[in-house]
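Undergrad: The primary structure of each chain is shown beneath.
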Amino acid sequence: MKNSKRLLAGPYLFWAVSFIIIPLIMIFYYGLTDNDGKFTWMNLAKITTPENLKALGLALLLAFVSTVICLVLAYPLAMILAGRNVNQSSFVVLIFILPMWMNFLLRTLAWQNLLEKNGVINSVLHFFGLPSWNVINTPTAIILGMVYNFLPFMVLPIYNVLVKIDKDVISAARDLGAGNIQTFTKIILPLSVPGIISGITMVFVPALTTFVISNLLGGSKILLIGNVIEQEFQQGSNWHVGSGLSLVLMIFIIASMALIAKYDKDGEGTAF
Amino acid sequence: MPNKLIDIVGVSKSYGDNLVLDDLNLYIRENEFLTLLGPSGCGKTTLLRILGGFENPDSGKVIFDGKDITSLAPNKRQLNTVFQKYALFTHMTIAENIAFGLKIKGKSKSYIDDKIHYALKLVNLEGYQNRYPDSLSGGQQQRIAIARAIVNEPKVLLLDEPLGALDLKLRQDMQYELIRLKNELGITFIYVTHDQEEALTMSDTIVVMNQGYIQQIGTPEDIYNEPENAFVADFIGDSNIFNAIMVRDKLVNIVGAEFPCVDTGFGTNKPVDAVIRPEDIDLVKPEEGTLKGVVTHLIFKGVHYEMEVLANNYEWLVHSTDMFPVGTEVGIHVDPFDIQIMKKPESEDEEAVGIEE
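Heads up: the sequence lines are chains A and B, in that order. FYI, our numbering numbers position 199 of the first sequence as 525, with every residue one higher than the one before it. FYI, our numbering numbers position 198 of the second sequence as 204, with every residue one higher than the one before it.
Bound conformation, chain A alone (with noise of 0.2 Å):
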């Protein structure tokens, strides 16, 4: 009995050694070789240089800012989808994640169409005689394509949430004398908080790492972290370097989970 239940998991322990284990040796053994195949650490360190550092604060500071937008847009969102019965939500959630079946590239190369100098944003705006928005191949166009792709990942995990608090709870708490506002802060949102912390988590960390996005709304001229290495490995051909700083951007990842899993820790002690 037990022996079979083990085989039941042999395709996916192969393909987890297979596509998971075995890259992922890989990737720590290109990036603390070099050349030769001696150990070094200068891999790691190539994101010291003046460009790789820029590279690496802007993707940090996009991501930040997409995640905020994207949490800002999602919660009340969350909110009113919770609210209704299952008919009306499933409907509204439909239409959400609709765009969601269209390819990932199809949905950014739309977006820079929509945003693109003679696009078709500037072309409503010139037809009704308004100056152009010259956002294209800025960090605002990133930001827009970001907060697209990633919204509804930030959406479902508080809608799970949120669907999940017993509706006897928010009544108690009315109950009790807390206003509507008093029992958001108090009840809602400490409750919602481990759906926060898994939207901020499916958001932040692709946002972190994408070079797609940045590739086709940000043009040549802005280089996030994601595209310095997807250079190396594509143009550079200097596989060494590009896991060297995956792993150094698989670290800022590790950290900033801990950081949000402590924070969370700190948060239910002070919820009150």
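Hints are all accurate, no fakes.
Here are the simulated lysine-lysine pairs, BS3-like style, with alpha carbons at most 30 Å apart:
#1 Lys493/A with Lys127/B
#2 Lys121/B with Lys493/A
#3 Lys115/B with Lys588/A
#4 Lys493/A with Lys109/B
#5 Lys493/A with Lys67/B
#6 Lys127/B with Lys113/B
#7 Lys493/A with Lys175/B
#8 Lys109/B with Lys588/A
#9 Lys493/A with Lys161/B
#10 Lys490/A with Lys111/B
#11 Lys82/B with Lys490/A
#12 Lys493/A with Lys73/B
Okay, the calculated beta carbon distance ranges per label pair:
#13 Gln414/A with Phe306/B: 51 to 57 Å
#14 Ile423/A with Ser143/B: 37 to 43 Å
#15 Ala335/A with Asp64/B: 53 to 59 Å
#16 Met405/A with Asn24/B: 25 to 31 Å
#17 Asn24/B with Ile579/A: 52 to 58 Å
#18 Gly505/A with Ser143/B: 29 to 35 Å
#19 Lys67/B with Pro402/A: 31 to 37 Å
#20 Met405/A with Asp120/B: 34 to 40 Å
#21 Phe390/A with Leu78/B: 43 to 49 Å
#22 Ile423/A with Tyr21/B: 26 to 32 Å
#23 Tyr21/B with Val450/A: 45 to 51 Å
#24 Pro266/B with Asn411/A: 57 to 63 Å
Just so you know, the hints here were simulated from the structure itself, not pulled from any lab data. Cβ atoms here follow ideal geometry from the backbone N, Cα and C, with glycine treated the same way.
Assemble the complex: chain A is given as a structure, and chain B must be docked to it using the hints.
TA: Below, chain B alone, put in the same frame as chain A:
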């Protein structure tokens, strides 16, 4: 008689086509332990939610202490609710849960600390203030929910089937606990349950409800001994309910045998409902009874034996401390005052249908 504290005047409520409460009138006195009793879907919880302010009635008024509070928000009402599944705040400690209402009212820290101490002592959970709700058993959580409500010194405590999720032994202990609490606090309890035993044990007044209508209001003794209709008789305790004919005053024909009774004023040869409690039926020697029958079932119940006696094609449910083996011929005797005669319901509205439990 203490004053009326709450007056419910002509309250109706429906959800879509489903009429949950129909023109309901009821008043509740100060310091009363009043129980709303009925099967699920009878409207008792809706009525409680209207009192708590969580639902607005479609029509009618709720008067509290002389003031109309029908559309007042729940946080502005001088009453507190204990919810069925406790509804504790899981992200707060027990002390923070209990302090919630007091902090919102801006009470001082020392006042709040005193109250937490007092409330935990009252519900026998001293020393639990720094625990989280998830680490408590169901019974303990329910007591915290009660503590959280009563520290606000409400004039009325609303309890929505608070013992429903507890096991039998704990439920019985909690019943006594609630009675003690009510006496110590000297406030009004409005209690919702579908459990007739709970209602009989704790209440000063029982309001039996079915399908949005009040079927009977009375003390536990009234409700048990003098049910007003077949629904109440059937819902409260075990009973034998017969389609009977009132032959004349003080004589009723039940399944073909004539029994003397004490009721008058039903007319002559009128169809009525007759109720006889199983413990009020005396089994005697066949020739001494009003009716002869044969014991068909016998179950030992602990306190008494439960028997079914087939007589005139009807299975009579009998509770007795004397045992008659299956197959014994017995006579059935009922004292006149143990027969309860009730008018048949005249309209559909009055009709008491379908007990879900």
